[in-house]
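Undergrad: Just need the whole structure built from these sequences, with the hints factored in.
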Amino acid sequence: MIEQQLSILLVVLPLLAAPIIAVINRSSIAWAMTLSVTVCCLIMSVWMLSGVVDGSVIHYELGGWAPPWGIEYRIDTLNGLVALIVCGIAAATALYAKRSVEQEIPKHQIPMFYCAFLLCFLGLLGICLTGDIFNLFVFLEVSSLSSYALIAMGRNRKALTASFHYLVLGTLGATFFLIGVGLAYGATGTLNMADLSVRLPQAVDTHLVNTAFALIVVGVALKAAIYPLHLWLPNAYSFAPSVVSIFLSATATKVAIYVLIRCLFHVYSVEYVTNTLLPQLLIVMGGVAVLYGSMRAIGQTGMRKMLAYSSVAQIGYMIMGIGFLTEAGLTASLIHLFNHALMKAALFMAAGLFIYRANTATFENIKGLGREMPWTFAAMVIAALSLIGVPGTVGFVSKWQLLQAALEENHWPMVVIILVGSLLAIIYVWKLIEVLYFQPREKMRVTGVASGSENIGRSPISMAVTLWILALSCIYFGINTELSMDTAKSAVEILFAADGGQR
Amino acid sequence: MADNLILRVMSKALIPVIILFALYVQFHGDYSPGGGFQAGVIFSSAILLYVMVFGLDAAAKVLPDKALIFTASFGVLLYAGTGVVSLFLGGQYLNYSLLANTAMAGQHIGIIVIELGVGLTVASVMLLIFFTFARRTRVE
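Sequence lines, in order, name chains A and B. For the first sequence, the residue numbers in my numbering are 19 to 521. For the second sequence, the residue numbers in my numbering are -18 to 121.
Think of the hints as simulated: they come from the structure by calculation, not from any bench. Careful: at least some of the hints might be erroneous.
[As the list claims (entries may be wrong)] Quick look at which bits of chain B chain A covers, simulated, 3 or more residues with Cβ under 8 Å: (1) 1 to 11; (2) 21 to 28.
[As the list claims (entries may be wrong)] Pairwise CB distance ranges (calculated): (3) B:F69 with A:V438: 28 to 36 Å; (4) A:I42 with B:V43: 33 to 41 Å; (5) B:A81 with A:E511: 40 to 48 Å; (6) A:V64 with B:H9: 45 to 53 Å; (7) B:L70 with A:H126: 56 to 64 Å; (8) B:I0 with A:V302: 34 to 42 Å.
The beta-carbon is built from N, C-alpha and C at its ideal position, and this holds for glycine as well.
TA: Below, the structure is given as structure tokens:
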């Protein structure tokens, strides 16, 4: 019973905290509340995941209305894992946020910043937990709208155009998704995902079902920034405030990938997807994304934009794994979902620290900064190594799984692409390390810092500690894969079970 | 436009009617088409009419931004809080049936309270958006 209530409390707690923060309007209280809410949610999500990891499913009927009429929250291992990722990253981001936000956001906007942050967090959590596809759309909009606002708060004025660009494309994606949901509703008369999966194969009007499928996939692909629909991502991530790029890079696209997995394997079935062009398309797009993202990352002149393009590449690995349509492939995707969240958050945190100290993260301005900030630099190297996939780090685990999945299916071109992608990752990671450590220190061009400011001298403990927690977890989960691997396997087993996960 | 007699008289006659209609849509929403969202928009349109005729400053005196932010947040809290009350009464989130002795009365109370929350939030947010944009054009 308590585990059931947990599923709703995860969404309600931030929902209650956000308006309270807006009313109190004090930045220190706002931060304290954000931190405590996210930590509470993290504890609850761990608790919830431990309840469903054995394959059982938590059902929660909102308002006491029985599904398929009412909205149902339905948590299995897959939801539990993604919710844990979102809560974990949110808690880490909140711990990291205080000083970075104080520096980057105008003082009077700080409470509203945390308010929007919590709304974005609750939207992403809601997407993970709900079992109702229209409710999912609503949460998608909650998280998207608040993330547009968050991105627009970036200091660089380009943040406004980046946010607007994201707003246009994101709304387009959400609209496509909504039209798809509407058509699926027209074909079946239900919005509950479990019910949809039973009724879609029986639907008479197959044109409607197929069109709905196409629209849902394109809509979600836009949100997930799957190549060629990734155009909003690099600017949005590189001009947003540091805290926002940490949080969004580690969670927003991951949650969209979760929606894709949920729609392909649960709402529609593996058999249905096999008979479409989509698997081949996903594999090819994934391969292209890996090469394109990595190549563009090499060409960047700023750390955050480089990381953003690397995200495009890493998303490529995930959808490649989905495209294989095998248990091994999907397991690899899920593990990479978890692992990539850890390493990208760590890397963006390092970038945030450089921005905190040097006010910018373009390569020209951070030359030799690594020698002045050895701890930050070391943590960044650990995360960067796991981006390459060096054994002993999380990146190795997921790439190894993906390679095995590709070999199993004899997808030789993809095997080559995965390896080439890792080589390209070495190039851009090396470029970063060279700039930070081996290039001669130049007189730093610092702008926007008051004279006598201590920011140049030292990094805040809270930011450095959070960065190290994530960097060390990159190693920990690379060696002890029990949590990520077992949970992912159990989630995939449920999706591929003979009854299609109907429980 | 405050010096235009026809506009002034007509808007003074219209604004109370619009507000009354908003309240009708608000509280009759559980029997007929309507509800908090529509009522909130209608309510805010009455204030918009007032702003267009009598100016932004006059309206901002009655409805300062801080008050609007408070009512917007309070509406959300009212909605979410109703759900929490039913949680504490031992039911599912937003299960109104537990709010009163009989399920029917509980459903009535529940829907009226949460629609009130929706109405408050929608009306205040509509006004906040309008005020923000109206001020922007005035400055530049």
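Undergrad: Look at each hint and say if it fits the structure.
TA: Hints and how they fare:
Coverage of a stretch by a chain is defined here by at least three residues with a beta carbon nearer than 8 Å to that chain's beta carbons; for the stretch 1 to 11 of chain B and chain A the count is 0, and the condition is violated. Counting residues of the stretch 21 to 28 of chain B whose CB lies closer than 8 Å to any CB of chain A gives 0, which falls below the minimum of 3, so the coverage claim is violated. At about 57 Å, the beta-carbon gap between F69 of chain B and V438 of chain A misses the expected band of 28 to 36 Å. In this structure the supplied range 33 to 41 Å is violated for I42 of chain A paired with V43 of chain B, their Cβ-Cβ distance being about 24 Å.
As the Cβ distance of A81 of chain B to E511 of chain A is approximately 45 Å, the hint placing it in 40 to 48 Å holds. The hinted range of 45 to 53 Å is satisfied by V64 of chain A and H9 of chain B, whose Cβ atoms lie roughly 46 Å apart. Range check, L70 of chain B to H126 of chain A: about 40 Å between beta-carbon atoms, so the 56 to 64 Å window is missed. Restraint check, I0 of chain B to V302 of chain A: a C-beta distance of roughly 59 Å breaks the suggested window 34 to 42 Å.
The structure does not agree with the numbered hints 1, 2, 3, 4, 7 and 8 stated previously, though it agrees with the rest.
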